[in-house]
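2 protein chains.
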Amino acid sequence: MRGEILAIGDELLAGRVVNTTSSLAAERLLASGHTVTRITTVGDDPAAITECLRGALRRAEFLLVSGGLGPTSDDITNEVVAQALGRPLVCYPDVLDRIRESEAEGGGPIGEKMAWLPEGAEVLNPEGRAAGYVLEHAGVPIFFLPGVPDQLEDHLVHRVLPRLARLDHRRLHVRSRTFRLFGLSETEVNGRLRDREREDPHLSIGYYPNFPEVFVVVTAQGHDAADVARRFGDLCDAVTSLFGEFIVGIDEETLEARVGRLLSERGGRVAVAESCTGGLLASRITRVPGSSGWFDRGIVAYSNAAKVAHLGVAPATLERFGAVSAPVAGEMAEGVRRAAGTGYGLGITGIAGPTGGSRHKPVGTVYISLSTPEKTAAHRFAFPGTRGEIQALAAEAALDWLRRHLEHGSYVPGHRFAAGPAEGA
Amino acid sequence: MRGEILAIGDELLAGRVVNTTSSLAAERLLASGHTVTRITTVGDDPAAITECLRGALRRAEFLLVSGGLGPTSDDITNEVVAQALGRPLVCYPDVLDRIRESEAEGGGPIGEKMAWLPEGAEVLNPEGRAAGYVLEHAGVPIFFLPGVPDQLEDHLVHRVLPRLARLDHRRLHVRSRTFRLFGLSETEVNGRLRDREREDPHLSIGYYPNFPEVFVVVTAQGHDAADVARRFGDLCDAVTSLFGEFIVGIDEETLEARVGRLLSERGGRVAVAESCTGGLLASRITRVPGSSGWFDRGIVAYSNAAKVAHLGVAPATLERFGAVSAPVAGEMAEGVRRAAGTGYGLGITGIAGPTGGSRHKPVGTVYISLSTPEKTAAHRFAFPGTRGEIQALAAEAALDWLRRHLEHGSYVPGHRFAAGPAEGA
Chain A
1 MRGEILAIGD ELLAGRVVNT TSSLAAERLL ASGHTVTRIT TVGDDPAAIT ECLRGALRRA
61 EFLLVSGGLG PTSDDITNEV VAQALGRPLV CYPDVLDRIR ESEAEGGGPI GEKMAWLPEG
121 AEVLNPEGRA AGYVLEHAGV PIFFLPGVPD QLEDHLVHRV LPRLARLDHR RLHVRSRTFR
181 LFGLSETEVN GRLRDRERED PHLSIGYYPN FPEVFVVVTA QGHDAADVAR RFGDLCDAVT
241 SLFGEFIVGI DEETLEARVG RLLSERGGRV AVAESCTGGL LASRITRVPG SSGWFDRGIV
301 AYSNAAKVAH LGVAPATLER FGAVSAPVAG EMAEGVRRAA GTGYGLGITG IAGPTGGSRH
361 KPVGTVYISL STPEKTAAHR FAFPGTRGEI QALAAEAALD WLRRHLEHGS YVPGHRFAAG
421 PAEGA
Chain B
1 MRGEILAIGD ELLAGRVVNT TSSLAAERLL ASGHTVTRIT TVGDDPAAIT ECLRGALRRA
61 EFLLVSGGLG PTSDDITNEV VAQALGRPLV CYPDVLDRIR ESEAEGGGPI GEKMAWLPEG
121 AEVLNPEGRA AGYVLEHAGV PIFFLPGVPD QLEDHLVHRV LPRLARLDHR RLHVRSRTFR
181 LFGLSETEVN GRLRDRERED PHLSIGYYPN FPEVFVVVTA QGHDAADVAR RFGDLCDAVT
241 SLFGEFIVGI DEETLEARVG RLLSERGGRV AVAESCTGGL LASRITRVPG SSGWFDRGIV
301 AYSNAAKVAH LGVAPATLER FGAVSAPVAG EMAEGVRRAA GTGYGLGITG IAGPTGGSRH
361 KPVGTVYISL STPEKTAAHR FAFPGTRGEI QALAAEAALD WLRRHLEHGS YVPGHRFAAG
421 PAEGA
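The listed protein sequences derive, respectively, from chains A and B. For the first sequence, the positions run 1 to 425 when UniProt numbering is used. For the second sequence, the positions run 1 to 425 when UniProt numbering is used.
Label-pair restraints from in silico Cβ distances:
| hint | chain 1 | residue 1 | chain 2 | residue 2 | range |
| --- | --- | --- | --- | --- | --- |
| 1 | A | Gly233 | B | Gly312 | 51 to 59 Å |
| 2 | A | Asp224 | B | Glu112 | 34 to 42 Å |
| 3 | A | Gly357 | B | Glu265 | 25 to 33 Å |
I should point out that these hints are in silico values taken from the structure, not numbers from a laboratory. Glycine included, every Cβ here is placed at the ideal spot set by N, Cα and C.
Using the sequences plus the hints, can you model the full thing?
Written out as structure tokens, the structure is:
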């Protein structure tokens with residue numbers, strides 16, 4: 001079905017809160033075969049909300065309204081809907097009971113405001129605490145959902161999508177896959193795929209920079225499930241053979257999750273030594289549930305003393321080549337691998353900026369090393385961008401190198417920021 | 001002036017890319033005294049873009065259109081605008097020259113598509129590479145800007161805002177401040193301020209959960225600058241005295257930046273030892289430019305062996321109390337402080353989940369320790385949420401404890417997740 005999303009809240013127009021909720025809802029709806037044709041964001045302004053609500057009701061087959069259902073004084077959705085659609089607010093005693101329960105359990109005062117809903121509202125989750133409801137108006141189901149992302153997602157998945165599926169007779173079959181690429185620019189990615197996307201009107205290919213990666217999302221849709229599956233399979237095969245080694249993850253599997261899975265499958269473990277990335281690499285690895293199975297330790301050796309004490313970097317190496325150098329990166333990776341007794345060690349040392357650069361080693365110069373019991377290799381990289389971007393690129397490049405090694409046995413990092421094998425390594 | 005934003009791109013409706021650009025633009029416009037009344041997001045669909053463009057032109061005094069100006073085949077904004085407003089595409093030779101230059105410098109192939117703009121377009125930055133332009137239509141300036149956040153911000157700040165200021169005769173004076181709070185729920189924050197916001201129609205107070213913090217944004221506006229400044233000052237004073245110790249940062253100053261500033265002012269330095277946060281604490285500290293001045297090292301001691309080797313945690317302590325315990329947190333904080341020779345040490349050990357919890361130490365149990373040469377204190381916390389949320393709360397609570405100590409000399413962390421002084425500490 002074709003629907004629209006209306007997001008309500010001054011905070012969304014003031015730019016302080018990014019509207020992640022609408023994106024999440026749109027993604028879920030698309031994956032279930034629906035199409036979102038418009039997302040409109042308005043403030044806590046009764047006239048504007050009324051106009052948007054009426055406009056969307058004229059165009060859409062269903063409507064999702066998020067935000068403004070909460071207990072605070074700037075939550076006005078229910079009152080405005082009551083006015084705009086001519087449905088006076090009515091007290092829902094069951095909702096009121098749940099509010100009282102929650103207050104009694106120590107959740108703090110909430111107030112009974114959230115129990116007053118527009119006449120005809122059907123509460124979506126009678127057992128839950130969030131006050132989402134559905135209202136059918138002029139034949140169009142309007143779903144009113146909380147603006148908090150996980151509450152919205154919960155309602156959407158368990159209440160809204162099943163209802164829409166029952167209503168929908170012209171449902172499209174949709175297959176979609178996200179390829180996460182690292183090491184190619186968006187233009188390079190588009191260049192390789194440009195001809196492909198013109199071939200078939202049932203297929204679409206989107207390009208989305210998701211720093212430091214580029215996402216390629218391929219979608220196939222149509223009314224014949226088998227046909228959709230065949231076209232989708234062919235396109236995915238084509239993308240896989242075009243980008244092969246640059247694919248760092250697929251769909252929900254992030255680069256760090258893939259590295260974790262590869263290590264786990266081989267019984268391998270890794271330890272990391274970081275300077276300019278300051279813990280970001282370790283933090284990415286340990287975001288993944290179960291990472292204690294493949295991650296032993298990380299040393300954030302910001303000072304030279306820490307590099308010597310915990311990683312066994314030789315003071316003479318620091319003296320001769322400087323802390324930002326290939327030999328130091330190598331000794332960091334090897335040192336942490338030996339200290340941890342793991343099969344893999346990664347080392348990163350560089351200049352994230354904004355200060356600290358020189359003519360020979362400008363801001364963005366980063367040395368990364370991969371160490372295994374067989375070999376320790378180091379590469380110099382020249383990353384562009386701000387401090388945060390350089391840190392993100394360096395952590396990603398190190399993880400990606402380990403992935404390449406685990407998948408292909410390579411000791412060479414493969415992408416456009418690698419400035420060749422490091423001198424003095 | 002009152003304006004609207006129109007964001008174009010299938011990726012925004014498919015939910016894969018969150019529309020951060022519109023939020024950024026809205027925030028900048030508000031800070032310059034303009035009001036954004038609506039943000040509309042549509043896909044790469046000529047009919048929908050045309051309808052939205054015409055609707056916004058009827059309502060708004062200015063219009064910002066972002067996205068779809070790039071070189072890839074799904075970038076169709078210029079063609080659609082040409083059709084919708086009856087302005088045929090014309091080749092801009094200066095833009096074409098810059099594209100050729102960029103290609104010659106090794107930026108990869110771009111193609112000349114970006115040089116064809118609707119008739120009457122005025123290129124916003126003739127020296128720049130991004131193809132933003134302005135078109136005046138029926139008396140309404142329409143700014144077409146690239147969808148990439150930093151390119152959009154650059155155009156907005158240096159080209160769009162100065163033009164709007166020249167056009168605007170009824171400009172509002174706006175003062176706004178964001179208070180970043182940690183340790184109170186949104187309802188608690190709202191409860192303390194509820195009466196205050198009803199007093200004065202020139203003031204507004206917004207509440208925005210920005211996990212794990214709650215932001216309170218106070219805004220004063222009016223046509224008399226002195227009056228606005230007075231009301232704004234009074235309101236800020238009131239918020240400061242209401243929330244005092246819970247304010248962890250103001251406006252752009254994050255908690256980690258504030259901790260860095262406080263350490264820097266005192267010549268103090270910190271080192272950290274992390275288990276369940278896996279490097280997140282070190283990563284937050286080192287995001288701040290200049291952090292090498294106050295941060296020495298971080299040890300991500302995931303394994304017990306790492307806790308013993310780098311932090312000097314006694315095997316007997318691990319044996320007797322377990323790795324997730326107050327004594328181990330204390331030995332971690334003290335150990336890293338001694339190893340680094342810094343005045344402050346932070347230690348974190350806990351169970352981030354989703355597995356690993358027990359009846360006495362369920363998922364979310366985290367021990368945090370602050371160590372100084374005078375004293376080492378440890379506290380037990382019970383954090384709710386997912387693995388990522390527990391990690392974020394623990395890193396925030398540790399940083400916040402150090403902030404409280406630096407500001408008030410306290411050895412007690414102050415917030416609702418602290419489950420009292422740790423047993424066995």
